[in-house]
Amino acid sequence: MSVKYTKDHEWAREDGGVYVVGISAHAAEQLGDVVFVELPEVGKTLSKGDDMAVVESVKAASDVYAPISGEIVAVNQAIADEPAKVNEDAAGAAWFVKIKPSDAGELDALMDEAAYNEFVENE
Amino acid sequence: MVEFAGYEMPVQFPLGVMKEHLHTREKAGLFDVSHMGQAVIVGADHETAARAIETLVPGEIQKLGVGRQRLTVLLNDEGGILDDLMVSRPATDGRLNIVVNGACKHADYAYLDARLPEHVRLERFDNRGLLALQGPKASDVLAKHAPAAADLKFMTFAELQIGDITAVVTRGGYTGEDGFEISTWDEDTEKLAKLLLDDPDVEPIGLGARDSLRLEAGMCLYGHDLNPAISPVEGNIAFTIGKRRREEGGFVGAERILRELAEGPSRLRVGILPEGRAPAREGAEIQSTDGKTIGIVTSGGFGPTAGRPVAMGYVDTDHAQTGTEVHLIVRGKALPAQIADMPFAPHNYYRGQGAGK
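In the order they appear, the protein sequences are chains C and R. Numbering-wise (the working numbering), the first sequence opens with residue 1 and increments by one. Numbering-wise (the working numbering), the second sequence opens with residue 1001 and increments by one.
What the hints contain is simulated information worked out from the structure, not anything from laboratory work. What you are looking at is a predicted structure, and each value in this text was computed from that prediction instead of being measured. Hints may be right or wrong, so weigh each one.
Said to hold, decoys possible - Derived Cβ-Cβ restraints for the label pairs, each shown as a range:
| id | chain 1 | residue 1 | chain 2 | residue 2 | range |
| --- | --- | --- | --- | --- | --- |
| 1 | R | Asp1318 | C | Asp51 | 34 to 40 Å |
| 2 | R | Glu1190 | C | Asn117 | 33 to 39 Å |
| 3 | C | Asp50 | R | Pro1010 | 32 to 38 Å |
| 4 | C | Thr45 | R | Glu1275 | 27 to 33 Å |
| 5 | R | Asp1318 | C | Ala60 | 29 to 35 Å |
C-beta atoms are modelled at their ideal positions from N, C-alpha and C, and glycine is treated no differently.
Okay, chain C solo, but in the shape it has when bound (with noise of 0.2 Å):
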């Protein structure tokens, strides 16, 4: 199953019936040195675009959003007991949640990674 990725710089993948979720390698550069990720509880419901997470650095504080609806089912405590872990390995050991899904149709609406990095060349 491919990387699908949203326009505010999440990227979502496949994984056992539920799609692991996290930051893009581009967002996390953008951030700069990450101080503090905040997660949502398990059990948490969201929709597509609802904030979802919080990750600051340095400079600024970014929300993260839900790239699809469902509810959580896992949370990446490891980032937000390291958060420089988001800066090392943003699109693999540092993901944030596991969503499991209300309407996995929604993933066809994302870019695909050719359509993702074209995007951030032209922003």
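Following the hints, put chain R in place on chain C, whose structure we already have.
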């Protein structure tokens, strides 16, 4: 790049805010602060110029020694702060150099033009640049090109040759570290920047780290921590008010300021340490632990040297004591925090051999 005070300025260089901040505290950082306003107030003699500016600032300027610089504030008629500024005395004649904030300079100049007496005039140095070299290695770096720089004491200045560049070098800055602010003619500023950046201990530093460094140092950013409604007593910068001036008054807004000095202000700028990891930023409401609004955060973020979030803001004076527990409202949640002493990272100024730090 961002727009700041009408200039395009870098938030950060490739090193990034965090590493730029830490590099400045460890070695030396170079800041281009040429957006700041440099000008000179000229009277027939020192007393004439000093008396004129003393009607608008509460600092002791008449007794300012040659080669010395002082921080004070430009006041409105209500004793509120229009800007914070450096005043320095270059010679025994009637000149007083000033350095004002870039974002305020046009308003400051208009105010000074309108309020200085006719026999005292303001001349702008719109053709001078300003570089700040800050950090524990700043003195070693600058002394390679201008040995006399190493002997300057905190808040003194001299005209020095840096290689073939003539510069006015002042010891001080806006980071809490030892360092210099270096004023040159425009055509020499870039050349000086390149010369200093050639040193392996020096990195260029952007606005992001400039802000986090001054915040840790407990210093105010005009327009955020100070504004025209806030007096220097409320702003907790009463050191900008000279001893003689407290007795004599004779500056605009003196009635309020002298009353606040005598009776205490109703609100006060304080340091704030959030207990958790979440930074509280400008605009966050400050509440007492029983949920009453007692103030507002005016600057806040993560302090790279402190290794934790730090903030400053205004609280009602009865909640201003160090150690008072408060709540900061961040994204609708009340985060526990304490009123704390500033600075959050120790100042490290050069006051002369054997004078200690």
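**Request:** If any of the earlier hints don't hold here, list their numbers in rising order.
**Result:** none
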